[in-house]
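Colleague: One-letter residues, chain by chain:
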Amino acid sequence: MSRDTALVSAEWAEKNIDAPGVVFVEVDEDTSAYDTGHIAGAVKLDWRTDLQDPVRRDFVNQDQFAALLSERGIGNDDTVILYGGNNNWFAAYAYWYFKLYGHRDVKLLDGGRKKWELDARPLVTDPVQRPATQYVAQAPDISIRAFRDEVVAAIGTKNLVDVRSPDEYAGRLLAPAHLPQEQAQRAGHVPTAISVPWSKAANEDGTFKSDDELRRIYADAGLDDSRETIAYCRIGERSSHTWFVLQELLGHRNVKNYDGSWTEYGSLVGVPVALGDEPGEA
Amino acid sequence: MTAPTAAGCAAPDQAAPLPASLDLEKETVITGLVTAESGEAVPGAYVRLLDSTGEFTAEVVTSPTGQFRFFAAPGSWTLRALSRHGNGDTAVTAARGINEVTVTVAA
Numbered sequence: 001m002s003r004d005t006a007l008v009s010a011e012w013a014e015k016n017i018d019a020p021g022v023v024f025v026e027v028d029e030d031t032s033a034y035d036t037g038h039i040a041g042a043v044k045l046d047w048r049t050d051l052q053d054p055v056r057r058d059f060v061n062q063d064q065f066a067a068l069l070s071e072r073g074i075g076n077d078d079t080v081i082l083y084g085g086n087n088n089w090f091a092a093y094a095y096w097y098f099k100l101y102g103h104r105d106v107k108l109l110d111g112g113r114k115k116w117e118l119d120a121r122p123l124v125t126d127p128v129q130r131p132a133t134q135y136v137a138q139a140p141d142i143s144i145r146a147f148r149d150e151v152v153a154a155i156g157t158k159n160l161v162d163v164r165s166p167d168e169y170a171g172r173l174l175a176p177a178h179l180p181q182e183q184a185q186r187a188g189h190v191p192t193a194i195s196v197p198w199s200k201a202a203n204e205d206g207t208f209k210s211d212d213e214l215r216r217i218y219a220d221a222g223l224d225d226s227r228e229t230i231a232y233c234r235i236g237e238r239s240s241h242t243w244f245v246l247q248e249l250l251g252h253r254n255v256k257n258y259d260g261s262w263t264e265y266g267s268l269v270g271v272p273v274a275l276g277d278e279p280g281e282a
Numbered sequence: 001m002t003a004p005t006a007a008g009c010a011a012p013d014q015a016a017p018l019p020a021s022l023d024l025e026k027e028t029v030i031t032g033l034v035t036a037e038s039g040e041a042v043p044g045a046y047v048r049l050l051d052s053t054g055e056f057t058a059e060v061v062t063s064p065t066g067q068f069r070f071f072a073a074p075g076s077w078t079l080r081a082l083s084r085h086g087n088g089d090t091a092v093t094a095a096r097g098i099n100e101v102t103v104t105v106a107a
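Chains as they are written, first to last, in the working numbering: chain A, 1 to 282; chain B, 1 to 107.
In short, the hints are calculated from the structure, not lab data.
By construction, the Cβ of each residue, glycine as well, lies at the ideal position given by its N, Cα and C atoms.
Worth double-checking, as some hints may not be accurate.
Unchecked claim - Just a sample of chain B residues kept apart from chain A, beta carbon distances all over 10 Å, derived:
hint : residue
1    : P17
2    : T35
3    : A36
4    : S38
5    : G39
6    : E40
7    : A41
8    : T65
9    : T78
10   : T90
11   : A91
12   : T93
13   : E100
14   : T104
15   : A107
Claimed, not checked - A partial selection of chain A residues facing chain B, derived with a Cβ cut-off under 7 Å:
hint : residue
16   : K114
17   : A120
18   : P166
19   : P176
20   : A177
21   : H178
22   : L179
23   : P180
24   : S199
What the hints assert, rightly or not - Listed next, with one range per pair, are the computed distances between beta-carbon atoms:
hint : chain 1 : residue 1 : chain 2 : residue 2 : range
25   : B       : K26       : A       : G156      : 30 to 38 Å
26   : B       : S76       : A       : R186      : 20 to 28 Å
27   : B       : T53       : A       : D211      : 23 to 31 Å
Work out the full structure: start from the sequences and follow the hints.
Modeller: So, in structure tokens, the structure goes:
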């Protein structure tokens, strides 16, 4: 994978809004942004109600994903362009699902909603209805998904990348600073995880930094690209952004997103936790 | 309007009242307005909370009346606002409770 296959610019997107076989999809946790204005023709996916299982703590399974895409009118042969707010966190999370369930052609819009809005590109409120399809999802590719036992086993052996803010990593904050801090789980990070906040990979307008800058950021942080890598954050969406950078832009192999992330790990009984700004010992 | 929940990671409605369950003895709330040089409120601005080293900590979009709100910790922070009308920065030293700040943007 590379930037050419995984990413499109806002200029490209605006020129291809009506292109046949191209479907724009806005993904957010709070879809009220979509309702106040979206890219013409874009359908919406709600991170919580569409992409999470309503009962179990897990995301939608193969059948649920196929039913969702069929209902939204997305076909297996469509080129899907994902974008959203929060610097494309939830769009990157959805990108990871599309890859996990074997969609052939999916890309992120560089800069997401923020770049689009700051550029003053057009947004519309027209309702979008696409004819239903018969989408077929593939069996999940778990080579890109890490579970808790793998994370514990990776301590001191694989690259663990904590992409939360430095204060969350050190245990001084329990959640991103736009959310209240009262949470059930313990504070800190997985011992031996390096701290590379997701935001290091993005410019302030939400676009990704250049490949050269990105390579330097992870090399300077001590990421050994000959080893397997697991990225995590709090709920798995910021780490999808970093998974996207490492695997889809820089072409690393064996990168997994731990979607359970700190809300799971920080609640586990008996696992090691490190506090402070240093990775800590295995 | 919905109260912030632990389930997600997106920013809650920036104009919503603070949740009743919020303990202001414990929380450090940094809140305020983004305004243009004319003094007019700027809705839809992207406000970034940067820590004392300048590292990104969080980002929200201002409400239709230009409001933003963060839940941080006591200490030194920088607020940086990006908008179609220009950008601006304001430094803040926050303590527990509510800290009110205005960020002015200019081209």
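Colleague: Decide, hint by hint, whether the structure agrees.
Modeller: Hint check:
no. : hint                            : verdict
1   : P17                             : holds, 13 Å
2   : T35                             : holds, 18 Å
3   : A36                             : holds, 15 Å
4   : S38                             : holds, 19 Å
5   : G39                             : holds, 22 Å
6   : E40                             : holds, 18 Å
7   : A41                             : holds, 17 Å
8   : T65                             : holds, 15 Å
9   : T78                             : holds, 12 Å
10  : T90                             : holds, 16 Å
11  : A91                             : holds, 16 Å
12  : T93                             : holds, 15 Å
13  : E100                            : holds, 16 Å
14  : T104                            : holds, 17 Å
15  : A107                            : holds, 12 Å
16  : K114                            : holds, 6 Å
17  : A120                            : holds, 6 Å
18  : P166                            : holds, 6 Å
19  : P176                            : holds, 5 Å
20  : A177                            : holds, 4 Å
21  : H178                            : holds, 4 Å
22  : L179                            : holds, 5 Å
23  : P180                            : holds, 5 Å
24  : S199                            : holds, 4 Å
25  : K26(B) with G156(A): 30 to 38 Å : holds, 35 Å
26  : S76(B) with R186(A): 20 to 28 Å : holds, 26 Å
27  : T53(B) with D211(A): 23 to 31 Å : holds, 25 Å
Checked against the numbered hints given earlier, the structure satisfies every one of them.
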